[in-house]
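Undergrad: Using the sequences and the hints, build the whole thing.
These protein sequence lines are chains A and B, in that order.
First residue of the first sequence: 1, per the working numbering; consecutive thereafter.
First residue of the second sequence: 1, per the working numbering; consecutive thereafter.
Per label pair, the in silico range of CB-to-CB distance:
{"#": "1", "chain 1": "A", "residue 1": "N28", "chain 2": "B", "residue 2": "Q58", "range": "25 to 31 Å"}
{"#": "2", "chain 1": "A", "residue 1": "P75", "chain 2": "B", "residue 2": "E64", "range": "34 to 40 Å"}
{"#": "3", "chain 1": "B", "residue 1": "T12", "chain 2": "A", "residue 2": "T114", "range": "31 to 37 Å"}
{"#": "4", "chain 1": "A", "residue 1": "K14", "chain 2": "B", "residue 2": "E64", "range": "43 to 49 Å"}
{"#": "5", "chain 1": "B", "residue 1": "E15", "chain 2": "A", "residue 2": "R110", "range": "25 to 31 Å"}
{"#": "6", "chain 1": "B", "residue 1": "R77", "chain 2": "A", "residue 2": "G40", "range": "20 to 26 Å"}
{"#": "7", "chain 1": "B", "residue 1": "L46", "chain 2": "A", "residue 2": "N53", "range": "26 to 32 Å"}
Now the stretches of chain A that chain B is said to cover, found in silico as 3 or more residues with beta-carbon under 8 Å:
{"#": "8", "region": "40-52"}
{"#": "9", "region": "105-114"}
No wet-lab data here; the hints were simulated from the structure.
All values derive from a computational prediction rather than experimental measurement.
The C-beta atom is built at its ideal place from N, Cα and C for all residues, glycine as well.
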Amino acid sequence: DGGITQSPKYLFRKEGQNVTLSCEQNLNHDAMYWYRQDPGQGLRLIYYSQIVNDFQKGDIAEGYSVSREKKESFPLTVTSAQKNPTAFYLCASSRGTGGNSPLHFGNGTRLTVT
Amino acid sequence: AQSVTQPDIHITVSEGASLELRCNYSYGATPYLFWYVQSPGQGLQLLLKYFSGDTLVQGIKGFEAEFKRSQSSFNLRKPSVHWSDAAEYFCAVAGGAGNMLTFGGGTRLMVKP
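TA: Spelled out as structure tokens, the structure:
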């Protein structure tokens, strides 16, 4: 079955360490996204990519970095510059970035930084 | 820039009762509108979407939503709620530069037996 795989489901890190969250899709979608979810704030867009080797900042990109070397993969690195990294991170993909391309989501990674 | 407001953070209904979750959006033109559902610790699943045409749209799991341009609303409804509907529901709008989705803050639905 096609879908989006995020790993790991839970991740724990010490403050000051960079950490990379994995996102892989086998839907053959061109566009991929990273969202951050905090209680009561909905989802906020961190980065998105419309095509391999290209990506754009979303609303809250500071302290994060991404790469898109393969169509199937869009890893997110949470750097030590991110002031409040503890959150639930969701990866998504879509056929295109037009509004008529609904997002397909992975099951998320919960990151805890202490 | 577009925005989405879900006025109710929590809603509790009895099993079998009807449900309406409110969503108001702000966008200059006709937007693309979506409702997603999220079970605890999971990703989001698309319930339904509105692009154009008939303002009453049907979705999965017995849900429907009505687009009302005059009220800038896209409320989600279900005639009879099941215990398995307990989850968090997100309204979203797409429009503007890049047609990126903007999500509301979510409404957490609890279902009483």
